[in-house]
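Protein chains: 2
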Amino acid sequence: MNMMKTTCALAIALFVLHSAHAQNKPAGFTGGHAAQQQELEARFDKLLSAEAIGKNIKTLTEKQHYLGIPRDKWVAENILQQFKSYGWDARIETFQVLFPTPKTRILEAVYPDNYKAVLKEPALKEDPTTGQPDELPTYNAWSADGDVTGELVFVNYGLPEDYEYLERLGIDVKGKIVIARYGRSWRGTKPKVAQEHGAIGTIIYSDPEDDGYYQGEVYPQGAYKSEYGVQRGSVLDIVVYPGDPLTPGVGATEKAQRLERSAAPNLLKIPVLPISYHDAAPLLEALGGPVAPESWRGALPFTYHVGPGKTKVHLKLEFDWKIVPAYNVVATLKGSEYPDQWVIRGNHHDAWVYGAADPVSGLAALLEEARAIGDLAKKGYRPKRTLVYTAWDGEEPGLLGSTEWAEEHAAELQQKVVAYINSDGNSRGYLGAGGSHALEPFVAEIAKDISDPQTNISIAERKLASDVAAASNTKAKKDLLNKKDLTLSALGSGSDYSTFLQHLGIPSLNIGFGGEGAGGEYHSIYDTYDNYSRFKDPGFAYGTALAKVGGHAALRLADADLLPFDFRSLYKTVNGYTTELVTLADQMRETTLTDNQLINSNVYQVTSDATKPLKAPAPKSEVPYIDFSRLQNALVGLDSVSRRVYDVWNKKQVPAAKLEAFNKALFQAEQQLLSDKGLPNRSWYKHVIYAPGFYTGYGVKTLPGIREAIEQREWKEADEQIGIAAAAINRLTGYLQQALNSL
Amino acid sequence: MNMMKTTCALAIALFVLHSAHAQNKPAGFTGGHAAQQQELEARFDKLLSAEAIGKNIKTLTEKQHYLGIPRDKWVAENILQQFKSYGWDARIETFQVLFPTPKTRILEAVYPDNYKAVLKEPALKEDPTTGQPDELPTYNAWSADGDVTGELVFVNYGLPEDYEYLERLGIDVKGKIVIARYGRSWRGTKPKVAQEHGAIGTIIYSDPEDDGYYQGEVYPQGAYKSEYGVQRGSVLDIVVYPGDPLTPGVGATEKAQRLERSAAPNLLKIPVLPISYHDAAPLLEALGGPVAPESWRGALPFTYHVGPGKTKVHLKLEFDWKIVPAYNVVATLKGSEYPDQWVIRGNHHDAWVYGAADPVSGLAALLEEARAIGDLAKKGYRPKRTLVYTAWDGEEPGLLGSTEWAEEHAAELQQKVVAYINSDGNSRGYLGAGGSHALEPFVAEIAKDISDPQTNISIAERKLASDVAAASNTKAKKDLLNKKDLTLSALGSGSDYSTFLQHLGIPSLNIGFGGEGAGGEYHSIYDTYDNYSRFKDPGFAYGTALAKVGGHAALRLADADLLPFDFRSLYKTVNGYTTELVTLADQMRETTLTDNQLINSNVYQVTSDATKPLKAPAPKSEVPYIDFSRLQNALVGLDSVSRRVYDVWNKKQVPAAKLEAFNKALFQAEQQLLSDKGLPNRSWYKHVIYAPGFYTGYGVKTLPGIREAIEQREWKEADEQIGIAAAAINRLTGYLQQALNSL
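The listed protein sequences correspond, in order, to chains A and B. Oh and the first sequence: position 388 is 388 in my numbering, straight run, nothing missing. Oh and the second sequence: position 78 is 78 in my numbering, straight run, nothing missing.
Because the hints were derived from the structure by calculation, they are not lab data. In this text, all values refer to a predicted model and were calculated from it rather than measured experimentally. Incorrect hints may appear among the rest.
The list treats identical chains as one, so a pair stands whether inside a single copy or across any two.
To be verified - Pairs of lysine-lysine residues, derived as DSSO-like cross-links and limited to a Cα-Cα distance of at most 30 Å, are as follows:
no.	residue 1	residue 2
1	Lys612	Lys448
2	Lys120	Lys615
3	Lys475	Lys658
4	Lys664	Lys384
5	Lys379	Lys25
6	Lys174	Lys310
7	Lys120	Lys379
8	Lys174	Lys84
9	Lys25	Lys63
10	Lys255	Lys125
11	Lys384	Lys46
12	Lys477	Lys620
13	Lys651	Lys664
14	Lys572	Lys483
15	Lys312	Lys174
16	Lys716	Lys475
17	Lys615	Lys475
18	Lys25	Lys483
19	Lys269	Lys310
20	Lys620	Lys475
Using the sequences and the hints, build the whole thing.
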């Protein structure tokens, strides 16, 4: 009976959409709807103005606007007014978050020569924005207060393997101050690893090899970092959790329960300060100890030594630990058919100083999207689903605004959000797109339709070409030449998608252009309109391109008849990660065997130069054979169900009455990939596929529970995490099967 | 009848030696002779004095002693007297060779700022040897005279691929002066390639990244090159032919027919000058044009540009082109049984300035061998074969002394010489040994018997350990860990073995220690006794070690009952080279296909940053399938015959009456590998297995005719050269078969 009823319903009311096979027809739309959507997007594109984007960048970056100062509020209100003027329903939602700013900053060499660090970026007559009163001093937010004096040790990039090498040199950083260079790892990892090794303070400097004259002409002649330039930035241990450190997991509303600051597990215990290469040079040049190994040496004109010895430094830092308001701007355009299905688009508005590239270049594109959509709405357009355009505050100190908002509204967001589309900085170059892999074909499709401003080929083609050009060997180039579709990268952290994706399991994307706008302005006072418009995106053509990508994505998700989720891509990607891990374990097994054989033979001893002794590394635990079969079998299930879901989706065999529920099932599916327990030692992170690495910070670790267990040689934990990931995949498979069954 | 007679002869008079299976018994000796030889070597070792080696280094480097000045003759006569005092029959054999020294050296920037290059290495109060009157100015011997002014272009290391990159940047060096950094290729290749591309002058400088503070403390605090240090050196195109450029192929005796200087094909047409990084910095810093690609940038503290533009330089060089006497010292100790079988040992005695490391550290070890052997002789020892110890003059300008001597005595040497054993500089570290691969097991055997002065394991074990440590990946490390025997490297050029090996087909070895004595003194005034004894080989322990290697090799070759040639090693090695070439062609084929596909697609155009345009490379001719079968089949024959020869040799089944002839057959066998025609465009080089590379200079190319034809994409020539190499291998096979048949 039941079955017959279903069959009848199918026969009569089947929502049969013609497959949109014509090239560039957006998938998930009926033939007629597809053409309508294309027409809408064409109108949208015509409304975009590069000039308006440039003007917005100029206005919003005239003065510094970091979290907690009046200009931060001014910017939020300016954005609010813009949304309102575009016809959106907009408001500011405020949270109360901890945010330290510096009171005392002293760094001096006390031996062998006195040197007092300048710690100040000079104003440039060539750039009138720079040099305004009370510019935010150069510092790392969330450094501990501290007053320490000690011998200095140079730790290269401050990675765990750098400390392994120090051990081979017989150098211990316990009780010492370390100096690390920016690069290779996220800045917050450097003091964290230093602290783990017993250091009492950390200095981070920009070496001209990584960020300075070695790369090209320095600002203002060129775009690269000049000798006094300093990269500010957060060292909050966001890989434990982002957001206000006092309110993990809940919104930092006025009334929220707060931890004591000393109890926040993601705050450092040691002081840390970023400095310029001008300030680093005298400290490094005077260092004694062994000559630094070749891969540690930078581009300063002297012999790099590791220390300790000769250089002794005094570092004193005090901060004003205040609770400040974070102003999130939230604008909505209510959906006509599915008001409770939300497409969220976001970019932060706070900056370390002026922030033309970071974040206003992305924000201005987002505002331009909102303006154009507002114009369309004024002419009668209504999205089927609700569009939510946001501008977050307090991203720079640790994704504060977006995290508190998402935590506060977690349950509602998990119910309603179709996808979160993030951007941050933007510049000339290639489309960078990362995120939830079920959205991979969707993003590839969008990218095929948008022209690159410089070459007139599509941004997808140009991105693929750049991948080919960047490939390191012939085999890789050959493989990439045969690739037709864009792939999404996996997301780690460092921008506002993190909480949506990794804490809540909301399908997320991060988009932006880059690769031809390299420079050294990042988080310095030189990230200005002048700098941006000279070196990053002259004419703001890539601002328009970003608005097209963001706008098309938002509009298609808002209007699609069937939401463009394709779990075959998720399957393919996770299957690839699994293969990577199998290979990783095999390679580690072989490498460990050989390395231990080298250690146990006398190779290290007899090849250690007596004038520069180097101990053998410590032997490592052997790598057992690991049982990946649960995960592999789970993936077989996902492979199969994802094909069946695609088939239904592609043939559009969804009864009209079940469309809303089926779409909801599609966008909520990713939540099945969350694990209750979260990742080991950082339970805030729930997603079993994507997380920032515990020792990479912004850098992603895919299948993080398993991968990090293997990397850290926690074999038992690797086994457990395989079980957890397999269970999540199986949950997703069952969930998708359920969705099919319900049709 | 005949066969029966042979059998009887074998039964009666067979020279049956007991196989010397006891470990470390030298191969090629009867049991009794083996023990005698070991005892002899033990006595030899005891006679060696590190102190004497140090004293000799000090005496011979007190003053500069380059070719053509009185002190050069003084050194030759000092060595002559030493040999005589050790009981050797010694004499000086003089040739008359062309040798230019500088009269005028001007380098100045004429735009944008005037800068007159210092071109002078300052005296150091910490090193009393330096700063003597009339030190040889810094220059490249065999630069053309010239007076040129032009825009400057930075060409990185000046390799052919650097010019390919310049072409992509749209930069032509025609009519311009190029500045190249030392390193990656032999110095003479740099002006040669520049000249091929139309440059009118070449400047070569030492970048501190390759040779200066980037590597470590500079002299006199450390061993590395200070800002004013300059590497002198020859730019004679020795890959065409070495020796006096006016007398190719014949000895430069007084009466020899000489070419006009303008007709010598291995002389440059453009001026070239080496400079310090002090002098290079202002020229490079002022350069305009594109920012240099990352792999081109050195360690000077500014942005490297390629030019042209901004920097314009004036280079004026004039030389005194004189015919000067080259004094070769030749000492003999006549063989008791086979006086017409010669074992030659050699090291040059001329230096660019003081030359403590290069060449006197090697020379002093050689003289110590001669002293010890002389002592043994005084106590009754007589080698079976004649020992010839030599000290060559004029090596630095282009292997002049050794080449003229070897060319003059070519026929006699090809008749008589068992092997030529060369050394040059020496320092602390690992045994480096290269040469004729039939001698590989012989060298490995010697190296097993000699202790490393620092670790007390054998120099063979330590060398193998260093190979493991230096291997770039786990697979290579693992393979090397299983390796038990030393391998010989193949010889290119850059020292006095070249003519013996590559022109005459005389089995040759080149030996020396190194790897822990890195520094920047090479060819500068800072290559002094003080520098050497502080940084290269304090205590001269490695001088003694080199004397052991050289002495044992000479004595074993002089005394062996059956000469230790093993053609299985030659087979194995050449077979390996053949496999390399097959792989090279396959890889080039695949790479070319992909590269051309990239070029023909729009990848290069669409990924060229408009602010730094970079053209696509020119498409390359496709790589055909190449017929290696002739060579491969020839190697099958060599494999077989070399096993049979080894079998006879190992079982010592050589009738006493045929020993002399059989030994002669063994040491003359390598001459079968010479081709009459020589290599394409450089017929002086006759050896089909080993040659310096046409574009690498000192660096070896194995199976050079074939390899360079493939690299240069001369497919017809590759085919011809395969035929030539196959014929040579077949000749050797037939020759060895003949030697077996004659037993």
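Hints, verified against the model:
1. Proximity of Lys612 to Lys448 under the C-alpha cut-off of 30 Å is restricted to the inter-copy arrangement: shortest distance 26 Å between copies versus 56 Å within a copy.
2. In this assembly of identical chains, Lys120 and Lys615 lie within 30 Å of each other by CA distance neither inside one copy nor across copies; the values are 41 Å within and 41 Å between.
3. For a Cα distance limit of 30 Å, the shortest separation of Lys475 from Lys658 qualifies neither inside one copy, at 47 Å, nor across copies, at 57 Å.
4. In this assembly of identical chains, Lys664 and Lys384 lie within 30 Å of each other by CA distance solely inside one copy; the values are 14 Å within and 96 Å between copies.
5. With identical chains, the CA atoms of Lys379 and Lys25 are at most 30 Å apart within one copy only, with a shortest distance of 23 Å there and 100 Å across copies.
6. Only within a single protomer do Lys174 and Lys310 lie at most 30 Å apart by alpha-carbon distance; the minimum there is 17 Å, versus 51 Å between protomers.
7. For the homomeric pair Lys120 and Lys379, neither the shortest alpha-carbon distance inside one copy (51 Å) nor that between copies (80 Å) is at most 30 Å.
8. In this homomeric assembly, Lys174 and Lys84 never come within 30 Å of each other (Cα to Cα): the closest approach is 56 Å inside a single copy and 64 Å across copies.
9. When the C-alpha separation of Lys25 and Lys63 is checked against a cutoff of 30 Å, the pair qualifies neither within a copy, at 44 Å, nor between copies, at 85 Å.
10. In this assembly of identical chains, the alpha carbons of Lys255 and Lys125 never lie at most 30 Å apart, being 47 Å within a copy and 75 Å across copies at closest.
11. For the identical chains of this complex, Lys384 and Lys46 are intra-copy neighbours only, at 22 Å inside a copy versus 97 Å across copies, given an alpha-carbon limit of 30 Å.
12. With identical chains, the CA atoms of Lys477 and Lys620 are at most 30 Å apart between copies only, with a shortest distance of 17 Å across copies and 35 Å within one.
13. Taking identical chains as interchangeable, the C-alpha atoms of Lys651 and Lys664 lie at most 30 Å apart only when both belong to the same chain, with a minimum of 18 Å there against 86 Å between chains.
14. Taking the shortest Cα distances, Lys572 and Lys483 sit within 30 Å of each other inside one copy (15 Å), while across copies they are farther apart (42 Å).
15. In this assembly of identical chains, the alpha carbons of Lys312 and Lys174 lie at most 30 Å apart only when taken from the same copy (14 Å versus 53 Å across copies).
16. Taking identical chains as interchangeable, the C-alpha atoms of Lys716 and Lys475 lie at most 30 Å apart only when they sit on different chains, with a minimum of 28 Å there against 36 Å within one chain.
17. In the homo-oligomer, the alpha carbons of Lys615 and Lys475 lie at most 30 Å apart only across protomers (22 Å), although the nearest pairing inside one protomer, at 38 Å, exceeds that limit.
18. Taking CA atoms no more than 30 Å apart as the test, Lys25 paired with Lys483 passes inside one copy only; the shortest distance there is 21 Å, against 62 Å between copies.
19. Within a single copy, Lys269 and Lys310 get their C-alpha atoms as close as 26 Å, which meets the 30 Å cut-off; across copies the closest is 52 Å, which misses it.
20. In this assembly of identical chains, Lys620 and Lys475 lie within 30 Å of each other by CA distance solely across copies; the values are 18 Å between and 33 Å within a copy.
In this structure, the hints that do not hold are numbers 2, 3, 7, 8, 9, 10, in rising order.
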